[in-house]
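Protein sequences appear in the order of chains A and B. FYI, my numbering numbers position 389 of the first sequence as 389, with every residue one higher than the one before it. FYI, my numbering numbers position 66 of the second sequence as 1066, with every residue one higher than the one before it.
These are calculated hints, taken from the structure and not from any lab test. By construction, the Cβ of each residue, glycine as well, lies at the ideal position given by its N, Cα and C atoms. One or more hints might be untrue.
[What the hints assert, rightly or not] Okay, the calculated bits of chain B under chain A, using three or more residues with CB under 8 Å as the criterion: (1) 1190 to 1203; (2) 1283 to 1297; (3) 1384 to 1391.
[Unchecked claim] Here are the simulated distance ranges between beta carbons: (4) A:259 <-> B:1309: 55 to 61 Å; (5) A:19 <-> B:1319: 40 to 46 Å; (6) A:266 <-> B:1080: 55 to 61 Å; (7) A:33 <-> B:1047: 54 to 60 Å; (8) A:328 <-> B:1310: 40 to 46 Å; (9) A:259 <-> B:1236: 17 to 23 Å.
The residues making up each chain are set out below.
2 protein chains.
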Amino acid sequence: MTMLKAREIALALREGRTTPHDVLETCLAAIAERDANVGAFCALDPAAGRAKARGGDFGGTALAGLPFAVKDIIDTRDLPTAYGSPLFAGYRPRADAPVVGQALRAGGLLLGKTVTTEFAFLKPSQTRNPRRLTHSPGGSSSGSAAAVAAGMVPFALGTQTGGSVVRPASYCGVTGYKPTYRLLPALGMKTFSWHLDTMGLFAARVTDVAFAASALTGRDLSIEGFGTAPRIGMLATARDASASADAHAALAAAARAVEAAGARIVPITLPEELEAADAVHGTIQDFEAALALMDEFTHHRAALSEGLRAHLEAASAITPEAYDEARRIGKRGRHVLGTLFGEVDALLTFSAPGTAPEGFASTGSPMFNRLWTLMGCPTINITGLTGADGLPMGVQLVGRFGRDRAALSLAALVEGAIAV
Amino acid sequence: MTMLKAREIALALREGRTTPHDVLETCLAAIAERDANVGAFCALDPAAGRAKARGGDFGGTALAGLPFAVKDIIDTRDLPTAYGSPLFAGYRPRADAPVVGQALRAGGLLLGKTVTTEFAFLKPSQTRNPRRLTHSPGGSSSGSAAAVAAGMVPFALGTQTGGSVVRPASYCGVTGYKPTYRLLPALGMKTFSWHLDTMGLFAARVTDVAFAASALTGRDLSIEGFGTAPRIGMLATARDASASADAHAALAAAARAVEAAGARIVPITLPEELEAADAVHGTIQDFEAALALMDEFTHHRAALSEGLRAHLEAASAITPEAYDEARRIGKRGRHVLGTLFGEVDALLTFSAPGTAPEGFASTGSPMFNRLWTLMGCPTINITGLTGADGLPMGVQLVGRFGRDRAALSLAALVEGAIAV
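Given only the sequences and the hints, what does the whole structure look like? Please build it.
Okay, here's the thing in structure tokens:
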């Protein structure tokens, strides 16, 4: 099961060393072989894909016909969009989400929709972890992470509100990149929390997500070198005791590797303002979810899962005062984080408390991701390490708000150091 | 033509001194009498409204059955939503926008949809100014401002991306309130620019918008008194020469009145960082519009007005670098504005360059509004003054980000002072 390398394949497409048809057939063959077991896709139209591969004019585009998949929380005009809910079964949005439009404009070929949990929240989906089918792929971007891990597609779009990009990427052993808040437009998706929902990307390696993000946004986010030794902050937080022994071992191994590669390691204890911000993520998320899903909660309550219904019931009791105070705490946290990035170029921390959970009762915990979603800064799951059970164990690099190219470049440095 | 006072009517409803049926009939009678000339409404279902007035359970709610209207850029499940474009003629969204849900939850009775310009941009609509039918009501919330001015509805929802709440409010002689960015959720509307689009409210007086905003958000935004004399900054900007002589006279009259009422007047020259921010509003708006309307521009270009088509054509040439730089300039501006609000409690400036333009070639200029939309701070059009042509001439109060109750209370102070 080899992952497809988005950048290499796109360059081969641009140079005529392969064709959109051949790349698409590789994807479709992998899907035919593995997706009955993995369950990453919820909508697929091979005939339409083949017609696009034959008839598409990809001349001069960055992606040159490269196939991609889209989490089914994001609208597509040519494929149904169900948001992981029976309420929207067969729903056909009128328009592509702008981020899908950006991928198409860059010469991407929309291959299919990937499974999301119900409204991108916590209820586990049918998707299985392609690294071990008895284990969870994580959520809520379950299908996007699994599809990339299983070599079914070179890159995929996902979203993160708590930890829905970095966590499944860690569990499935792929690179997950949550860009700075609103670098990718978050329109045309089913909103859960407007201050948190963030579009993200999955691909094989850091260079592949950087390549895809450059193509979509028209910005140069390619990996660059460093004049001086970068300073990597090794973060200590109140949640570290919840990470498994092998998660600690993996993070320590990453630190040793990156130090050996020439970076300076700086121990950092998470400031109390940021611990406070971490604690209010749920207040912001849930207050907004109660508004964003108000129509479903009011008119279609019986069609929601029991867990989501109970969660929204509790959420609707959050007072505006509690929410406003949580927003102020978040703002203070962003200010303190800005100061912290005067001392370090990036932070390194856990992607998840451990490897993928066995079974399908839970998609795992976003406890190491939610603060960074609230801060809006770029985060990347770096893959290459392994837990005691032999499953992938990612580490998470946190970059400075708006400095996505630097964050990706530092993540590539860590990735390279781990691989040595 | 008397405006309906939202707060008084709601209190009468709560106390049983009138009924939802009677209030609704008053609205429907005003619409029947005037809307053939004014053209404020684009969707109206009197039978459904009457059924709701009869059958609705408004017990214990803040609005107690008070009718309201919704700008047709905002989704409603019970009435069609066309976004001012033939592309969406007859479109029926699946869900109410959360802000509509908030109004319904507060006991509001949805009366109808009010005319918006095409996708809330500049193309004039069919609506006429109820103060003088030969004149523009302003845009893009043309119908909401006109409906309140003509006494057809006690309050209405609108949106502002440049000056689409404050400007039509000024032209039509009603109170227009643009709250702090995201105080009212901006989901379920047709996005033009996600960093700028802001939900707003129209009603007769400041106390009425404050009342409606309190009901919708569950926050106490009611008018409060001042312990010490408030400091009102009289703003001088690079655009002041574009305001008419009677606009200058109205603003000076407002300053004298508020000073006589006990406030301290502080002359303020707009800092250069804020002049710079003003200048980049269009870059942010248009770069985002090219993405937000990408689907329409790609697939339905012929159905867009010539003006919007040309605008989006030009917008799609804005580089990501120019946009990113504009965003940085905006951020710097917000920082400087925060400092400025250490010296004053509010700023007072023009709502528009003058009274409503004659004819229907243009909806007027947002030149005095766009900076504040970009800054995200609360602004209120205060009515009560008149231009040389006898039409309403509003003045604009600008409050501190997140301090909406203080901004509304200061606006009420100015309104009261003008009326003396």
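Hint numbers contradicted by this structure: Those not satisfied are hints 3, 5, 9.
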